[in-house]
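Kindly produce the complete structure, drawing on both the sequences and the hints.
What follows is each chain in one-letter form.
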Amino acid sequence: MKHVMRLFLIAFALLAPIWAHAAVASDSVASDSAATTRQHRFITPVKTKTNKVLPPSKDVDPKVLEVFLTGDTLKALEQARKDSISRSYTRYPLLTDFTVGLNFADMVLAIAGQDYMSADVNFTLNMWNRLQPVLEVGLGRAKNTPEDGNYTYVGKLSPYMRIGANYNFLFKHKPDYLFFLGARLGGSLFKYQIQDINHHNGYWDETIKTEITTQNGRALWYEAVAGMRVKIWKPISLGWQIKFHGLIKENTVSQGQPWFIPGYGTRRGSLAFAFNIYYTIPFYKTASTQETKPATDANLTPTPQN
Amino acid sequence: MKHLLSIALALLLMLAAACGDSSCYDNGNALPLARFYRDGKKITLSNVTTRGIGAPNDSAYVKGKSLSETYLPLRASTTSTQWIIEMAVTNDDTMSDTLTFHYTTVPYFASAECGAMFAFNIDKVETTRNLIDSVELVQRKVTNLITESIKIHFQ
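Listed in order, the protein sequences are those of chains F and B. First residue of the first sequence: 0, per numbering that gives the first Met the number 0; consecutive thereafter. First residue of the second sequence: 0, per numbering that gives the first Met the number 0; consecutive thereafter.
Worth flagging that the hints you see were computed from the coordinates, not collected in a lab. Don't take every hint at face value.
Straight-line C-alpha distance at most 25 Å; calculated DSS-like pairs for lysine-lysine [to be verified]:
1. K123/B x K150/B
2. K123/B x K140/B
3. K41/B x K140/B
4. K140/B x K208/F
5. K190/F x K140/B
6. K140/B x K248/F
A few chain B positions that, by computed beta-carbon distances, are all more than 10 Å from chain F [unchecked claim]:
7. N28
8. R34
9. T48
10. G63
11. S67
12. M86
13. V105
14. R128
15. D132
16. H152
Ideal Cβ placement from N, Cα and C applies to all residues, glycine included.
Encoded structure:
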């Protein structure tokens with residue numbers, strides 16, 4: 000009898016709060032029945048028999064998981080769908096492609112009458128369709144006899160080199176279309192001379208003809224580059240670049256600093272332009288797509304665990 | 000889109016900043032600039048005339064002007080040039096000194112805008128001492144830049 004009484008008391012102690020809670024809940028449901036019918040139900044998936052809360056499938060964003068665990072599964076599903084759409088773009092391999100280009104801007108301008116010209120071949124390695132190390136190697140020359148000047152400036156054909164990198168802002172798109180910002184470090188060893196100097200001093204009324212023989216110049220400069228590249232036909236593309244540049248260092252020449260530096264241009268102004276024609280060799284057959292799977296009911300469905 | 004707009008704006012600013020011009024803001028010739036001093040302070044002298052010895056028609060470079068500085072152009076065809084600095088002491092009386100520059104010349108390319116000219120490396124400056132106390136060589140190399148080359152200290 001004692002055991003029966005003890006069991007009854009334990010059962011009462013366990014069930015009383017549940018009974019009391021159920022009574023309160025039934026009252027509130029009864030009073031707010033109109034409101035509750037309009038709200039959607041929060042469903043927390045549980046394993047039958049054990050009442051254990053089931054976790055969602057793997058690869059679900061932790062933020063989505065948080066929402067999921069609140070019990071609002073519809074909201075979690077919607078959020079997962081949005082998340083998968085925003086992350087869905089092509090990921091390119093480390094070695095996406097290799098491009099050889101020819102900067103022909105000065106060639107065109109030289110035909111149009113410009114007194115100096117720099118032309119370079121550039122090599123670009125496209126990494127992940129984002130980062131692009133660039134090497135540019137070229138030659139430059141100048142010959143200028145200003146109409147109101149008293150000299151002829153001759154910049155002998157001399158080499159130059161630039162090294163740097165671009166960052167492609169259109170990395171989510173095909174490598175056929177690039178918009179990039181970049182930086183370059185350029186250098187040149189060059190020779191120049193000033194011919195046919197006709198010096199006149201008005202007060203002494205004397206005119207002397209002379210020349211400055213070959214001078215050796217060295218220059219190091221920086222460039223900030225903004226540019227675009229667009230595919231025209233198969234591996235061929237065209238692009239332009241606008242460059243803001245400045246001299247970092249140059250050697251001092253006692254008979255005057257050079258007017259033209261191969262690869263840099265003239266000393267006047269700090270802006271330069273480049274127009275390129277490119278040939279691209281892709282390193283991948285088809286773009287390796289690692290797209291995030293769009294969220295579906297299937298991949299948010301909880302996986303039962305034993 | 001916001002980023003592209005910012006980049007476009009930056010490019011425009013670069014364009015605006017990058018425009019150079021083709022004017023020569025220095026001298027078209029290499030001219031030594033002499034400034035006048037007394038007791039270490041800059042002074043302005045009145046009724047000053049400067050004249051290069053051997054100049055065509057013995058013409059004056061500056062005639063009867065109030066000056067605190069003057070250019071004294073050197074001859075590129077010789078290795079020395081003499082200048083007379085003359086000053087009216089009274090209405091009828093003038094006093095003068097002769098400055099002699101010894102130098103070497105070197106062809107010099109100033110810039111595309113200012114052109115080519117002769118630069119001078121001044122070795123020595125001599126003077127008589129009627130009005131002038133001493134001459135101080137501030138900068139040996141004379142180019143077309145507008146900088147003080149010599150200080151003339153007056154008594």
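To see whether the hints hold, each was checked on the structure:
1. A threshold of 25 Å between alpha carbons decides the hint, and for K123/B with K150/B the separation of about 13 Å falls inside it, so the pair holds.
2. Between the alpha carbons of K123/B and K140/B the distance comes to roughly 12 Å, so the proposed pair stays at or under 25 Å and holds.
3. Distance restraint check for K41/B and K140/B: the Cα-Cα separation of roughly 22 Å lies within the 25 Å cut-off, and the hinted pair is therefore satisfied.
4. Of the pairs offered as hints, the one joining K140/B and K208/F holds, with about 21 Å between alpha carbons and a cut-off of 25 Å not exceeded.
5. Under the criterion of a C-alpha separation no larger than 25 Å, the hint pairing K190/F with K140/B is consistent with the structure, at around 24 Å.
6. Only pairs whose Cα atoms come within 25 Å are accepted, and K140/B paired with K248/F is accepted, the gap being roughly 22 Å.
7. Consistency note on N28/B: stated as away from chain F, yet its beta-carbon is not over 10 Å from all of that chain's, at 6 Å minimum.
8. R34/B, annotated as away from the interface, keeps every beta carbon of chain F farther than 10 Å; the closest lies near 19 Å.
9. Consistency note on T48/B: stated as away from chain F, and its beta-carbon is indeed over 10 Å from all of that chain's, at 14 Å minimum.
10. The claim that G63/B lies off the interface holds: its Cβ sits roughly 17 Å from the closest Cβ of chain F, which is beyond the 10 Å cut-off.
11. For S67/B, the non-interface assignment is confirmed: its Cβ lies about 20 Å from the closest Cβ of chain F, beyond the 10 Å cut-off.
12. Look at M86/B: its CB is around 20 Å from the nearest CB on chain F, clear of 10 Å, so calling it non-interface holds up.
13. With a closest Cβ-Cβ approach of about 6 Å to chain F, V105/B is found to fall inside the 10 Å limit, against its non-interface label.
14. Non-interface call for R128/B relative to chain F: holds, since the shortest CB-CB distance, roughly 26 Å, exceeds 10 Å.
15. At roughly 27 Å, the least C-beta separation between D132/B and chain F is larger than 10 Å, which holds for a residue marked as non-interface.
16. The claim that H152/B is not at the interface with chain F holds, since no C-beta of that chain comes within 10 Å of its own (minimum 25 Å).
Hints 7 and 13, counting from the list given before, are not met by this structure.
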